[in-house]
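J.: Chains as they are written, first to last, in the working numbering: chain A, 6 to 282; chain B, 28 to 170.
No wet-lab data here; the hints were simulated from the structure. Remember, predicted model here, so these are calculated numbers, not experimental data. Hints may be right or wrong, so weigh each one.
Taking lysine-lysine and the DSBU-like style, the derived pairs with C-alpha atoms no more than 30 Å apart in a straight line are [unchecked claim]:
{"no.": "1", "chain 1": "B", "residue 1": "70", "chain 2": "A", "residue 2": "116"}
{"no.": "2", "chain 1": "B", "residue 1": "117", "chain 2": "B", "residue 2": "165"}
{"no.": "3", "chain 1": "B", "residue 1": "64", "chain 2": "A", "residue 2": "146"}
{"no.": "4", "chain 1": "B", "residue 1": "70", "chain 2": "A", "residue 2": "182"}
{"no.": "5", "chain 1": "B", "residue 1": "83", "chain 2": "A", "residue 2": "112"}
{"no.": "6", "chain 1": "A", "residue 1": "146", "chain 2": "B", "residue 2": "79"}
{"no.": "7", "chain 1": "B", "residue 1": "82", "chain 2": "A", "residue 2": "112"}
{"no.": "8", "chain 1": "B", "residue 1": "99", "chain 2": "B", "residue 2": "83"}
{"no.": "9", "chain 1": "A", "residue 1": "146", "chain 2": "B", "residue 2": "117"}
{"no.": "10", "chain 1": "B", "residue 1": "117", "chain 2": "B", "residue 2": "168"}
{"no.": "11", "chain 1": "B", "residue 1": "64", "chain 2": "A", "residue 2": "222"}
{"no.": "12", "chain 1": "B", "residue 1": "99", "chain 2": "A", "residue 2": "112"}
{"no.": "13", "chain 1": "A", "residue 1": "169", "chain 2": "B", "residue 2": "168"}
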Amino acid sequence: MAHAHLFQHNNFTGRQMIADNPDGVRYALTPFATMSALSFNDITSSLRLHSSTPAIPSMCILFEHAGFNGNVKAFAFNANRDISSLPGFNDVTSSVLIVEHDPNPNKTILKLRQLAGNRINSAIDDNLSGISEVSRSGDVKLKFVIDLDGLVGIDLVLVEIPVKVHTPWPFSDYSAKIRYWINLFIDGSNRLQGFVNAWGYWIEGGILTGSIEGKLKPQVEANIGAVESNLNSMLREVNFHRWTDVYLLPGSSNLVTDDYDSNVNDEVSVILPYMEG
Amino acid sequence: MTVFLIAILAISAISLVFNAGYIVHELGIYPHTKNRKTPVERKFMHRSLYDKDRKKTHDFYITHHMTIELRKLGHKDIYTFKDPYEALEKVIRRYEELPVRSRYDDLVHLSNYISNTVKSDERINQLIERAIDISVSKPFKTN
Chain A
6 MAHAHLFQHN NFTGRQMIAD NPDGVRYALT PFATMSALSF NDITSSLRLH SSTPAIPSMC
66 ILFEHAGFNG NVKAFAFNAN RDISSLPGFN DVTSSVLIVE HDPNPNKTIL KLRQLAGNRI
126 NSAIDDNLSG ISEVSRSGDV KLKFVIDLDG LVGIDLVLVE IPVKVHTPWP FSDYSAKIRY
186 WINLFIDGSN RLQGFVNAWG YWIEGGILTG SIEGKLKPQV EANIGAVESN LNSMLREVNF
246 HRWTDVYLLP GSSNLVTDDY DSNVNDEVSV ILPYMEG
Chain B
28 MTVFLIAILA ISAISLVFNA GYIVHELGIY PHTKNRKTPV ERKFMHRSLY DKDRKKTHDF
88 YITHHMTIEL RKLGHKDIYT FKDPYEALEK VIRRYEELPV RSRYDDLVHL SNYISNTVKS
148 DERINQLIER AIDISVSKPF KTN
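Could you build all of it, start to finish, from the sequences and the hints given here?
T.: Printed below as a string of structure tokens:
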């Protein structure tokens, strides 16, 4: 069991808040609402990490924003560890995640954005080529998301496609974002697969927003099948082991036993423990 | 009469400028002139056929923001106190006597409640440190 003990001031002084993981599960979440209810938003300056299970590598991840968003600072631990100050991250923490990693030392870490490279941009361009009114306006983002539904959580990869919606003169183009929330999972044969858990979009405000939404919505929904089929054909390439679990870390993590700094928007790391042989 | 006409002309001119500005803004004729306060943002859940193959491999624990309020109702004897030091000593003693999940939760949540809403001083910090030490050295019994 691992837990983090957050302090208001440097050197473990001032008010304090315990973020714990009593069930010893993979993810223990202290969301913004909880920190806010304790008036602990944006005040963390030092922390003490405790672990009673040395065989399990744990991580305490501090997030800059609510909803497990923004810059992240991750501290790895498998015993007691004191962090007396947080240079560069002082008084900014708005949500906290404790991760108890799989104790299995055999793990592959995939950095999804790096792995997808430009292929994902090209795949999206091919997909949008049939629609004359829409074109991609930037790199496709792959982002770590934890969706909370009451007391149920789910770790997802958010695929966000920035697009320009072309409109007739005299209107200027509208910015929009097409979104698919992907649930990666292990099937009964220990293979990695994924499906679309949710879909949606954001469209810039203006007098054409309603009519753009009317056209975009059915196209985004109709594309779910293509997204799932492209995703699973891509994931087949990484089924070189028999995986036992798949879970995500925000940003770019090299090793589950290393500290790291990153940003949720830059990368998503996929942790895949596997069976030997 | 002339003064009156000039006044009407001036008001009309001002109105024309504002209306033209508003139309340009709404049409988005120039970049960044759209109404950015009213974007549309939608999210829809999807039930996929792939979901049936999914093996559940990990779980979540969420510290809900209403936890302390609910515990105040369920454990009135713990959360109704005059002396925060005595209250913390009481939950530590209870846990030492019988380390079970419910008493562990009281150790954590009462510590958070007292430190952040009742009192925070050196003695409170020492008691919370003791509560943490005992929860690590003596894990609660599970069924």
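J.: Determine for every hint whether it applies to the structure shown.
T.: For each hint, the structure was consulted:
Distance check on the hinted pair: residue 70 (chain B) and residue 116 (chain A) sit about 26 Å apart at the alpha-carbon level, within 30 Å; holds. Distance restraint check for residue 117 (chain B) and residue 165 (chain B): the Cα-Cα separation of roughly 17 Å lies within the 30 Å cut-off, and the hinted pair is therefore satisfied. Between residue 64 (chain B) and residue 146 (chain A) the CA atoms are separated by roughly 23 Å; this keeps the pair inside 30 Å, and the hint holds. This hinted pair checks out: residue 70 (chain B) and residue 182 (chain A) have alpha carbons roughly 12 Å apart, not beyond 30 Å.
With a CA separation close to 18 Å, the supplied pair residue 83 (chain B) and residue 112 (chain A) stays within the 30 Å bound. Between residue 146 (chain A) and residue 79 (chain B) the alpha-carbon distance is near 27 Å, which keeps this suggested pair within the 30 Å criterion. Pair hint residue 82 (chain B) plus residue 112 (chain A) holds up; C-alpha atoms about 18 Å apart against a cutoff of 30 Å. With a CA separation close to 34 Å, the supplied pair residue 99 (chain B) and residue 83 (chain B) exceeds the 30 Å bound.
As the CA atoms of residue 146 (chain A) and residue 117 (chain B) are separated by approximately 51 Å, the hinted pair breaks the 30 Å bound. At roughly 19 Å between alpha-carbon atoms, residue 117 (chain B) and residue 168 (chain B) fall within 30 Å of each other, so this suggested pair holds. Restraint check for residue 64 (chain B) and residue 222 (chain A): satisfied, since their Cα atoms lie roughly 21 Å apart, inside the 30 Å limit. Annotation: proposed proximity of residue 99 (chain B) to residue 112 (chain A) is violated, straight-line Cα distance about 43 Å (limit 30 Å).
Simply put, residue 169 (chain A) and residue 168 (chain B) have alpha-carbon atoms about 57 Å apart, too far for the 30 Å limit, and the pair is violated.
Violated hints, in rising order: 8, 9, 12 and 13; the structure is consistent with all others.
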